[in-house]
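Colleague: Chains A and B supply the protein sequences, listed in that same order.
The opening position of the first sequence corresponds to residue 1 in the numbering used here, with each subsequent residue numbered one higher.
The opening position of the second sequence corresponds to residue 1 in the numbering used here, with each subsequent residue numbered one higher.
Hints were generated in silico from the structure; no laboratory data involved.
All values reported here derive from a predicted model rather than from experimental measurement.
Be careful, since some hints might not be right.
To be verified - Interface residues of chain A toward chain B, partial, derived using beta-carbon atoms under 10 Å: (1) Leu-73; (2) Asp-92; (3) Gly-95; (4) Trp-132; (5) Ile-138; (6) Phe-150; (7) Ser-186; (8) Leu-214; (9) His-219.
Heads up, the beta-carbon is just placed ideally off N, CA and C, and yes, glycines get one too.
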Amino acid sequence: MHHGFLPPHILRRLAEHAEGELREHAQASLELSAQLRGERSVAALFASFAIPAGEKRRTIYDARHKRTLPGKLVRGEGDPRVHDTAVNEAYDGAGKTYDFYKKVYGRNSVDDRGMRLDSSVHYGVHFDNAEWNGRQMIYGDGDGQLFRRFTASLDVIGHELTHGVTQYTAALDYADEPGALNEHFSDVFGVLVKQYSLRQTAAKADWLIGAGLLTKRVHGAAIRSMKAPGTAYDDPVLGKDPQPAHMRDYDNTNSDNGGVHINSGIPNHAFYLAATLLGGKAWEVAGRIWYVTLTQKLDARAQFRDCAEATWEAAGELFGSGAAPQQAVAQAWKQVGVPLRDAVISGGTRLPVLETSFAPPLAAGEIPASRIRSRA
Amino acid sequence: MVIDITRSGGFAGIIRKAHVDTAALPPPLRSEIEAIVSHLRQAMPPAGGTADAFVYEVRIDGMRFTVPDEDPAWRKLIERVFAIAGLQ
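From just these sequences and the hints, can you work out the full model?
Modeller: Written as structure tokens, this is what we have:
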């Protein structure tokens, strides 16, 4: 076990489907996984040394096309630029992400304790991916045919580092709805890092994730679109962007850990809607609501509805009950097919529903409001 | 031996599939692939834990394995099968 988490669904499948030793190993790991479950400090065991508060510390390594981490140290904090675009992009992107979290939300690095931000570039050969492995960022150069280097988009760097923030806060399981939320928060803060660095309003922003990653020969603008999920690319080789924008199109797939990169389109679109309904700079109001939700209100098994209701609660606490931000949040989630429960909106979860003697007569098929509330 | 591999996940979440029937391969290639597979059954794919990592579903004669992108032995099979299938 060399990572912060174990994804139990993978082990479970192995334990069920594999044979002999493989099966035994999977079962043993599942037991270990169970022991570790809920223990958020596990990741912290691997964290870098204690660093004075409020300091930005970046370290960039060159994996030199191998798959061994971290690779050769090529640039540390304060070191001058080098003759390697990927190294400089990883350095600058990590810096912009650190600054965003520090200045906008007062967060000191991914763990809020000044953890050093390590990145390895030139990972593998033609590696079409960027990852957060629980301790550091990893960037491939892309195959050059379809994908360019993964450091080319600032929102990708913000996305990866936000996986670190999530790891130290809500620690959302990386599968199914919690996994899609994990991806969602990475897209939200990834796109906000970009908007913040450009001082861009919600109305002016493109709301694309990974714009600039695809080569010119690909028919597509980006990897994902929060404004219009499902429209980022449509290409003979890559296929069509599979993201839904509404709960009725939720993809119950087994691949991609239960569609974590697919179903994130639903909450992504809710964030976009809330931010554009509110107008102005998305990181100031909508972003703050989502930041408080991620860092204070969700646990590892949170579902879309839990997230929706948590953003409602956070909006009320931050900007006032019934105020515009809370209304925008409610409308946004409703539009993507994740409506808030009536009991949450009425704020009467702990109060008994009062039966009134003067209820208006009901039309045929209409459900009394009191019934809806008591059922919720 | 029939091998089907589906790659999903990764930052971009794009699906990639490869299919190889070793009976249709030249004998040296067939032996190579079958030797890799014979090792796999004793190998333990390590637990994942990487956000945005690729996920592979490997079916070998109908037996299904979900494999993270980290184990060198599994990766060798995946890379060879993808190469034979003409994919990256």
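Colleague: Tell me if the interface restraint on Ser-186(A) is satisfied: Cβ within less than 10 Å of some Cβ in chain B.
Modeller: Holds. Min distance 7 Å.
Colleague: Does the interface hint hold: is Leu-73(A) within less than 10 Å of chain B, judged Cβ to Cβ?
Modeller: Violated - the Cβ of Leu-73(A) stays beyond 10 Å from chain B, reaching only about 22 Å at its closest.
Colleague: Return the status of the interface hint for Ile-138(A): holds when the least beta-carbon distance to chain B is below 10 Å, violated otherwise.
Modeller: Hint holds; Ile-138(A) Cβ to chain B Cβ min 8 Å, cut 10 Å.
Colleague: Given Leu-214(A) as an interface hint, is the shortest Cβ-Cβ distance to chain B below 10 Å?
Modeller: Holds, about 9 Å.
Colleague: Are Gly-95(A) and chain B close enough, Cβ to Cβ, to be under 10 Å, as the hint says?
Modeller: Violated: closest Cβ of chain B sits about 20 Å from Gly-95(A), beyond 10 Å.
Colleague: Against chain B, with CB atoms and a cut of 10 Å, does the hint on Trp-132(A) hold up?
Modeller: This hint holds: Trp-132(A) lies near chain B, its Cβ roughly 4 Å from the closest one there, short of 10 Å.
Colleague: Mind checking the CB of His-219(A) against every CB in chain B and telling me if the closest is under 10 Å?
Modeller: 13 Å, violated
Colleague: Would the stated hint for Phe-150(A) survive a check requiring a Cβ distance to chain B of less than 10 Å?
Modeller: 7 Å, holds
Colleague: Grab the minimum C-beta distance from Asp-92(A) to chain B and call the hint holds if it beats 10 Å, violated otherwise.
Modeller: Since the shortest Cβ distance to chain B is 19 Å, the answer is violated.
Checked against the numbered hints above, the structure violates hints 1, 2, 3 and 9; every other hint is satisfied.
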